[in-house]
Amino acid sequence: MSARPPVFAVAPSAQAPPVHETPAGGRPRREHRRRWRTALLLLPALGFLAVFFVYPMLGILARSFTGAHGFTLANYVSVVKDPIYPKIFGLTFEIAFTVTVVTLFLSYPLAYKLSTVSGPLAAVLMALVLVPFFTDLLVRTFSWMVILGRDGLVNLLLSKFGIGPVQLLYNRAGVLIGMTYALLPYMVLTLYSVMRGIDRRLLQAAGNLGANEWQAFRRVFLPLSLPGVFGGSLLVFVLALGYFVTPRLMGGTHDQMISMVIENQVEMALDVNLASSLAVLLLALTLVGFVLYDRIVGLRSLFESKIS
Amino acid sequence: MQGKGARIVLADLTKIYGAAAAVRDLNLDVAAGEFLTFLGPSGSGKTTILMMIAGFVAPDGGDIVIDGRRVTWLPAHKRGIGMVFQNYALFPHMTVAENIAFPLQMRGVPKSAIRAKTQEILELVQLPGYEGRYARELSGGQQQRVALARALVFEPRVLLLDEPLSALDKKLRDQIRIELKHIHQRLGITFIYVTHDQEEALIMSDRIAVMNAGRIAQIGTPRQLYEEPADAFVAQFIGESNLLRGVVSGISDGVANLRHASGATLRVGNDAMPQTQIGVSSAADLGAGAGMELRAGRSLLVSIRPEHFHLNPAGSSGGPADGLKHAHNTWTGRIEEILYVGDAVKYKVAANGEVLLVKHHGGGAVRPLAVGDAVTIAWAMAHTKVLVERE
Chain A
1 MSARPPVFAV APSAQAPPVH ETPAGGRPRR EHRRRWRTAL LLLPALGFLA
51 VFFVYPMLGI LARSFTGAHG FTLANYVSVV KDPIYPKIFG LTFEIAFTVT
101 VVTLFLSYPL AYKLSTVSGP LAAVLMALVL VPFFTDLLVR TFSWMVILGR
151 DGLVNLLLSK FGIGPVQLLY NRAGVLIGMT YALLPYMVLT LYSVMRGIDR
201 RLLQAAGNLG ANEWQAFRRV FLPLSLPGVF GGSLLVFVLA LGYFVTPRLM
251 GGTHDQMISM VIENQVEMAL DVNLASSLAV LLLALTLVGF VLYDRIVGLR
301 SLFESKIS
Chain B
1001 MQGKGARIVL ADLTKIYGAA AAVRDLNLDV AAGEFLTFLG PSGSGKTTIL
1051 MMIAGFVAPD GGDIVIDGRR VTWLPAHKRG IGMVFQNYAL FPHMTVAENI
1101 AFPLQMRGVP KSAIRAKTQE ILELVQLPGY EGRYARELSG GQQQRVALAR
1151 ALVFEPRVLL LDEPLSALDK KLRDQIRIEL KHIHQRLGIT FIYVTHDQEE
1201 ALIMSDRIAV MNAGRIAQIG TPRQLYEEPA DAFVAQFIGE SNLLRGVVSG
1251 ISDGVANLRH ASGATLRVGN DAMPQTQIGV SSAADLGAGA GMELRAGRSL
1301 LVSIRPEHFH LNPAGSSGGP ADGLKHAHNT WTGRIEEILY VGDAVKYKVA
1351 ANGEVLLVKH HGGGAVRPLA VGDAVTIAWA MAHTKVLVER E
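Top to bottom, those sequences are chains A and B. Be aware that the first sequence starts at 1, since it is given in the numbering used here, and climbs by one per residue. Be aware that the second sequence starts at 1001, since it is given in the numbering used here, and climbs by one per residue.
Chain A on its own, in the form it takes in the complex (with noise of 0.2 Å):
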């Protein structure tokens, strides 16, 4: 907009600095200024993770590709060749899948109820799902591996029923267990975060429009909450992929996932070339993963916990 002399005439003392002239430097030199302090307010932030973080994914990447007599590709092409690795990579994409899908299916219920209920019977069920982040993990996975066990709580009321003992520990069903129990209140969280946003309203003028209950929630409410179960979905499946305390202390030899062989070429193997490349195709894989949802879902969906 170019800016015009005023057209009410006023007494010219009144304006000190004329009003016309101010915006045709003004402003971009004032944008130009505000930018700079948003990049200030960042700074902070940029250079954490500039230390601590790129620099040692970029000390990662480097050793990747490092062997014996310098730049090689000899890393890469072990953990292709070697069936072992990729059959790994594969399993730990389905326990992570696996355990995804769990966690969604105990989580919507369970968000639902939060995000109606208010009150103190709002706060309990908040702090049920919230005290595990309380607790330290190996403290929770021993205690999983107490109750699991084939001594265990559940072993012992099974056979109150003449059933049992059943395997839970040390296998697949450890694993899922284990994992889903630690990653629920992720996805708790962020399905109740969506659906608190959610206008109970639109519910009653679904009703109001000839819809029972179950239409109301399968033609309003699941499509509005659709953000929070692809965010939540994300969100848990990134985190299964680099599990590794649960896996390794509640699963068996056959639920290896990737981050217990990592450790195992850095510990025992001493092969931190090896373990680098793992690390970086593992990353890699990932960052599909997120490519492959943008495409299918849209990562936008991610940030527009409310839709208006």
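These are calculated hints, taken from the structure and not from any lab test. Mixed in with the good hints, there may be bad ones.
[To be verified] Beta-carbon label-pair distances, calculated as ranges:
(1) A:Asn212 <-> B:Arg1245: 16 to 22 Å
(2) A:Val238 <-> B:Lys1078: 42 to 48 Å
(3) A:Phe217 <-> B:Pro1128: 30 to 36 Å
(4) B:Ser1112 <-> A:Pro223: 21 to 27 Å
(5) A:Phe217 <-> B:Trp1073: 19 to 25 Å
(6) B:Tyr1017 <-> A:Ala123: 20 to 26 Å
(7) B:Asp1029 <-> A:Asn212: 28 to 34 Å
Just so we're clear, the structure is a prediction, and the values are computed from it rather than from any experiment. We put the beta carbon where it would ideally sit given N, CA and C, even for glycine.
Let chain A serve as the given structure and place chain B on it in line with the hints.
Quick look at chain B alone, frame taken from chain A:
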């Protein structure tokens, strides 16, 4: 167009929240095809009544009968009542066309018919061509029209409107008011409208039920409410009113002389007494109103509209009744404040210990008046309305 709307009867309808009754023993008979408005301040129970009719709030007592069918406990989705919500409640993940199709899909209407009906209803609300838009891409007024289209497309016999214009700017509000009125006339269905805006209620309604603290203070046509307010609440809620109190000191020929606290006289005609049309439900409450008699020693509250006062400079030629042939009351006072509001001038006049509001349309007084001027205020007996008072 007769017979398209439903008759709605509310019998002893009651809703209690905590210790307080939001709606108390409400009785009302809404005629088929009527435009009835619940008018009242927030918290007067008007929205609660609407929510009970829609089926979102279960009453604690009484019944709701639509066309002879008791629907008190029928779930909302089986009532077949259209509703326009205050915030429109448009489904944000659906386009305009999908929003409008929703109630038809719920009723199993075939696709081809849905398309035709959507077109037709968008014509009615003057929004053709907006089928593919989302609510967030529409202005407030357009969203309002879509909400109206969605509520009407399945041809309900009753339409409930919960302050549908409150989010719009004044100009748009004025325009949509008229459109709503036209749509009501065209469709012939029953409209039940909730608002706190008295102007809106006066313009659109066949009848207005003025709500106060969970009860109907008065029900009647807009003209009845304005010209014959039943009590002080209605007199002050609809338009502006001057309330004066006096004790009956003498009666002759159907004219009562009231003595104001200042000693001044107020003359009231027998025909100014409240009539029985106060209201279906409140007739019992205000029982005194119907049989109210002028009797000496009785204290009465009267209401005079600001535009019924005639203001003249004190001692001006033509006497106190200047500009008024039958002035039965004449007080003297002094102008305290003058407010120019464009099409009218408002004066605040101190007289006999009261501050009276006087409103003159157009030119107003013959001679320009200034703050501090001594004036006479004259008004006719016919414009002095006696109000019912509840104990």
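Each hint tested on the structure:
1. A:Asn212 <-> B:Arg1245: 16 to 22 Å: violated (57 Å)
2. A:Val238 <-> B:Lys1078: 42 to 48 Å: This hint holds: roughly 46 Å between Cβ atoms.
3. A:Phe217 <-> B:Pro1128: 30 to 36 Å: holds (32 Å)
4. B:Ser1112 <-> A:Pro223: 21 to 27 Å: holds (25 Å)
5. A:Phe217 <-> B:Trp1073: 19 to 25 Å: holds (22 Å)
6. B:Tyr1017 <-> A:Ala123: 20 to 26 Å: holds (23 Å)
7. B:Asp1029 <-> A:Asn212: 28 to 34 Å: holds (31 Å)
Consistency with the previously given hints fails for number 1 only.
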